[in-house]
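Asker: One-letter residues, chain by chain:
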Amino acid sequence: MSDIRLEGISKRYGDFAAVDKIDLAVSQGEFVTIVGPSGSGKTSLLSLIAGLQQPTAGRILIGGRDVTNAAPQARNIGLVFQSYALFPHMTAIENVLFPLGVRGISGSQARDRALEALRLVQLEGLGDRRPSQLSGGQQQRVALARAVVFKPDILLLDEPLGALDRKLREQLQIQLKELQRALGVTTILVTHDQEEALLLSDRIMVLDKGCPQQVATPAESYLRPVNRFVAEFLGSANFVGLSDGRCGLLRPERVRVASNGEGKAARVVEAIYLGQAVRYHLETDDLGSLLAIAPFLDKAFAKGECVVVSWDAADLWPLA
Amino acid sequence: MLAGSRSDSLKDSSLGVSPSTVHQAVASPSCGEGALLVTRSSGYHFIVPGFGFLIPLLLLMVVVFDAPIVYMLALAFWDKAQGFTLGYYGDVFEAPVYLRVLANTVRISVVATIVSVIIGYPLAHWIRGLGRRAKMVALALVVLPFWVSVLVRTYAWIVLLGNDGLVNRALQWLGLVQAPVSFLYNELGVTIGMTNVLLPLLVLPLYAAMARVDDRLLQAAASLGAPPSTIFWKVYFPLTLPSLAAGTLLALILCLGFYITPAILGGGRVPMISNVLDTLINVYPNWGQASAISTILLVVTLLIFAIYRRIDQTTSTK
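In order, the protein sequences belong to chains U and G. Be aware that the first sequence starts at 0, since it is given in numbering that gives the first Met the number 0, and climbs by one per residue. Be aware that the second sequence starts at 0, since it is given in numbering that gives the first Met the number 0, and climbs by one per residue.
The set of hints was computed from the structure by calculation and includes no laboratory data. Errors might be hidden in some of the hints.
Listed below are the simulated SDA-like cross-link pairs for lysine to any residue, each with C-alpha atoms no more than 20 Å apart in a straight line [what the hints assert, rightly or not]:
(1) 233/G x 128/U
(2) 233/G x 283/U
(3) 150/U x 218/G
(4) 233/G x 236/U
(5) 233/G x 135/U
(6) 233/G x 70/U
(7) 233/G x 104/U
(8) 150/U x 226/G
(9) 263/U x 236/U
(10) 233/G x 270/U
(11) 233/G x 129/U
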């Protein structure tokens, strides 16, 4: 278990910078998520930390040790791919035993540790199956067991749940969080799913075109984003002009929708029922279109209805 | 009766009756003519809609392929003077020359196959690691000999390997040897020529199997701490092994039937089974003996093929 420090890490291909001067310090046991749209360099950054690629500039320190040019084998990292990357010619338990065998651990001691790892990911009894006989979720859990069984210093997860369906993903997200807490392993997760980032992380780093935009806790990133990109990437956003000429962020759930009273007049363009809430696409006279998410209580406003929208001034977050 | 109803179906299909009609007519119990086929169809499920369209091809196969083989197999049991005989088989096992040639054939085939594997596996692996363009060039160079006649290729080896050939002249010029090395008209020459023919047959399927190995598996193995040699032996090699085994056996089967290469590069001094068959048929006209030897060769080939199928099945079920 160790901390990770990235100092001015860059990966350039000619003029193009896949990763551009990133500094990041992840403390021991912390769960940091790197989010960004595809092509933002998040997977490249993970490959650099894992040692699958070499940075063109900067330093990587794991537990205070400079591993910038170390081979992946020498880094003691648990790595989980979106594609699982299980060895198809080995059973689940043989996959989990692989990193132990490489480290010279064998016999009953290795077997006990492998079984314990499989139990941690709730796959007891499935150890003798081949990857092709397991479902996607089970395969991903085998990959996770394989990545933690040798007690790695850090755990790197590359879109580990990206290939799974929504319900399974939500289940595994909670399992993953519990596992990470139980092991206390320093973890970096890469995802394009902002919900996953908000749910799992201690801190979130938002990347755009290889450049870090903000590194902050989920709540901080969501409520007080540093710029429009972060605001739009994490959740839905309305942008309202402020009196000082700046642009203010107004989250849709902060917009009150009422049939009458104080506020701005608006017309319902679309009302979408989401179960616990209703999403309104509104058209106001002076602010243009506006998105509102209101709890569904007894009734919702219908399409075409005229309503009044309002919000507290404190809910407007000024963007730089 | 079977043949009769088949030709009837043939007529039906040539009259433009839809395949399903043919099938119904054949399968219907009330149709007396199809009765035999009904029992067969319920037993083997080989009559499917559209079967009628296959019959011309089937007939062709039976007449020009299966019948000659059966005739060839039967020849060994028939003597003009005595009628039925096992004498030809007896001769094969009594005259040491035939068994020696058979052993010789198997030995040369095994050596040529092993040499092909030793060259082909690293070659395929090397091609896998090349860049996109270099890969295309390398594969084209491997495939190129395919498009050149075996005869031309074999004579090209004579030009290269002869006493006054390119290789010997280069060796002498470099001072590595004093007298020319005899590459030709011995087992060495035959092995070189056969390896050359086999190489693309082995490299292409091996390359295909290697290209299918996901790089991320190798990266995962590296991140799990495996040194390169472990990654190769525990992950990469096992994943390519089924293709290697299948390709090797296929190459071996092909080797057993080689004729041109041993005839030219062996100069008659390295007889392989096909060359002996040629002599038996064209020089002595001893068809019975040739048939017996062919049958033994066929059995050996089928045995190897059975092993190949076994390997192929175990890999495809994984």
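Asker: Could you check the structure against the hints above and give me the numbers of any it violates, in ascending order?
Answerer: 2, 4, 5, 10
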